[in-house]
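Peer 1: For reference, the chains in residue letters:
There are 2 protein chains.
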Amino acid sequence: MNYGILGSGIVGQSIGAALAAQGHSVVLGTGDPARLDDSKGYAGTLREWLAGAGPNARVGAFAEAAAHGEVLVNATAGLASVDVLRGVETHLDGKTLIDISNPLDFSGGMPPAVRTYEGGASLAEEIQATFPGLRVVKTLNTLTASLMVNPRQLADGDHSVFLGGNDAVAKAQATEMLRGFGWTDIIDLGDLSAARGLELWLPLWLRLFGVLGAPMFNLKIVR
Amino acid sequence: MNYGILGSGIVGQSIGAALAAQGHSVVLGTGDPARLDDSKGYAGTLREWLAGAGPNARVGAFAEAAAHGEVLVNATAGLASVDVLRGVETHLDGKTLIDISNPLDFSGGMPPAVRTYEGGASLAEEIQATFPGLRVVKTLNTLTASLMVNPRQLADGDHSVFLGGNDAVAKAQATEMLRGFGWTDIIDLGDLSAARGLELWLPLWLRLFGVLGAPMFNLKIVR
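If you're matching them up, the sequences are chains R and B in order.
Under the working numbering, the residues of the first sequence are numbered 1 to 223, in order.
Under the working numbering, the residues of the second sequence are numbered 1 to 223, in order.
Hints are not guaranteed to be accurate.
Ranges of calculated distance between the beta carbons of each label pair, as one might list FRET restraints [claimed, not checked]:
| # | chain 1 | residue 1 | chain 2 | residue 2 | range |
| --- | --- | --- | --- | --- | --- |
| 1 | B | Asn150 | R | Asp105 | 53 to 59 Å |
| 2 | B | Thr184 | R | Gln22 | 27 to 33 Å |
| 3 | B | Ala129 | R | Ala51 | 39 to 45 Å |
| 4 | R | Ala34 | B | Ser107 | 31 to 37 Å |
| 5 | R | Asp38 | B | Gly41 | 41 to 47 Å |
| 6 | R | Leu212 | B | Gly94 | 30 to 36 Å |
| 7 | B | Asn150 | R | Gly87 | 51 to 57 Å |
| 8 | B | Gly44 | R | Gly87 | 43 to 49 Å |
| 9 | R | Met216 | B | Gly133 | 39 to 45 Å |
| 10 | R | Leu212 | B | Phe209 | 49 to 55 Å |
| 11 | B | Gly133 | R | Ala214 | 20 to 26 Å |
| 12 | B | Gly44 | R | Met216 | 41 to 47 Å |
| 13 | R | Ala51 | B | Ser107 | 17 to 23 Å |
| 14 | B | Gly94 | R | Thr184 | 30 to 36 Å |
Simulated from the structure, these hints should not be mistaken for lab results.
Glycine included, each C-beta is placed from N, C-alpha and C at the ideal position.
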């Protein structure tokens, strides 16, 4: 499968490298693909990423990633996501977008607030409404990047991940990606309005991160 | 210990009966204590509750409950909590308030939205700011009533509960109550601003309730 990853921070790098390692063809989309040596915060530089991700992966502009991907992954900062997608709009129609972003607003300082949209809608719903040709699935926004692609690092994978979306084919593609990463407890929350609860989980996640002192945790739905 | 429970729905009834069964003296506070046979939604009538809760428990007006309790429990509907507390304000100074309520706003239909307050604050913080003489602890708002008081019903109690508050003595009292119910994984999230994440968990809880078809579930923080 050809994947286009939008966003080259720790989330995009982790997802992109894991997919490339499985043999998929990956373009990691970034704002300025010539700047391979810029610091990427928690992640390494793009030059380091390329060295690790192997022959199935390359770095490109957002538009190259969007054009390449049969399935797209939104790993941009949440408040920038709509603008990034608008810039590649000609490549979106009919494609699945796996949305991992969180609409975290840091303008009021730490901890960030979760932005909501018209009528309390989630960012995922805002993206779906803005780009009706996309088939948006929300998943994986509820935990740290390294666990997204390797859940067995923690409790042998005995914890939960969620998805929601309006399109059955897109959800099946997302589920296939999750199973490829090793997820076994995948909870289908129904349509894309499920993204409201998934995005509003972030304040508790951030608080737990502070208290536990490390991001290597996740929730399990015990039932 | 003398407990005053504010609110006589399923949460207040469950907490009150469990505390009375442990030998504590409980007044279950309600709006009109003479109406013992009114329907209480998911819970039984107050007459049924009295019959089950035994000799340590009685029903009273909100003010009787507030006067009786060394520790108070807020189990009122979230959007009514401040008004109920204002009505019993003369009994609040210096007391611990264990706040289990959720500020669910049903005015826009189902599912309800979670109301937030000035600057994104939680209801628990709003209560603390409005009644500075109280020592507010947020806990137990994250799960269904019967599990609150009997966590061992599910996975032998191997799931998590949280608390946050600004006062160490009040948090110790809440922790003692939780241990009395059988909780073992009690995660202290620090000061009362932790209530933001705990209240914003509700949209995901409500969605899971719909998907799983029953409320007998909880989250476990795997770490």
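Peer 1: Against this structure, judge whether each hint is valid.
Peer 2: Here is how each hint holds up against the structure:
1. B:Asn150 with R:Asp105: 53 to 59 Å: violated, 39 Å
2. B:Thr184 with R:Gln22: 27 to 33 Å: Since the Cβ atoms of B:Thr184 and R:Gln22 sit about 39 Å apart, the hinted range of 27 to 33 Å is violated.
3. B:Ala129 with R:Ala51: 39 to 45 Å: Between B:Ala129 and R:Ala51, where Cβ atoms are some 53 Å apart, the hint is violated.
4. R:Ala34 with B:Ser107: 31 to 37 Å: With a Cβ separation near 52 Å, R:Ala34 and B:Ser107 fall outside 31 to 37 Å, so the hint is violated.
5. R:Asp38 with B:Gly41: 41 to 47 Å: Cβ of R:Asp38 to Cβ of B:Gly41: about 57 Å, so the range 41 to 47 Å is violated.
6. R:Leu212 with B:Gly94: 30 to 36 Å: For R:Leu212 and B:Gly94 the Cβ distance comes to about 33 Å; the hint holds.
7. B:Asn150 with R:Gly87: 51 to 57 Å: Hint holds: Cβ distance 54 Å, inside 51 to 57 Å.
8. B:Gly44 with R:Gly87: 43 to 49 Å: Cβ of B:Gly44 to Cβ of R:Gly87: about 59 Å, so the range 43 to 49 Å is violated.
9. R:Met216 with B:Gly133: 39 to 45 Å: Since the Cβ atoms of R:Met216 and B:Gly133 sit about 41 Å apart, the hinted range of 39 to 45 Å holds.
10. R:Leu212 with B:Phe209: 49 to 55 Å: 26 Å Cβ-Cβ, so the 49 to 55 Å window is violated.
11. B:Gly133 with R:Ala214: 20 to 26 Å: violated, 38 Å
12. B:Gly44 with R:Met216: 41 to 47 Å: At 44 Å between Cβs, range holds.
13. R:Ala51 with B:Ser107: 17 to 23 Å: About 55 Å separates the Cβ atoms of R:Ala51 and B:Ser107, which means 17 to 23 Å is violated.
14. B:Gly94 with R:Thr184: 30 to 36 Å: violated, 50 Å
Hint violations for this structure: numbers 1, 2, 3, 4, 5, 8, 10, 11, 13, 14, all remaining hints satisfied.
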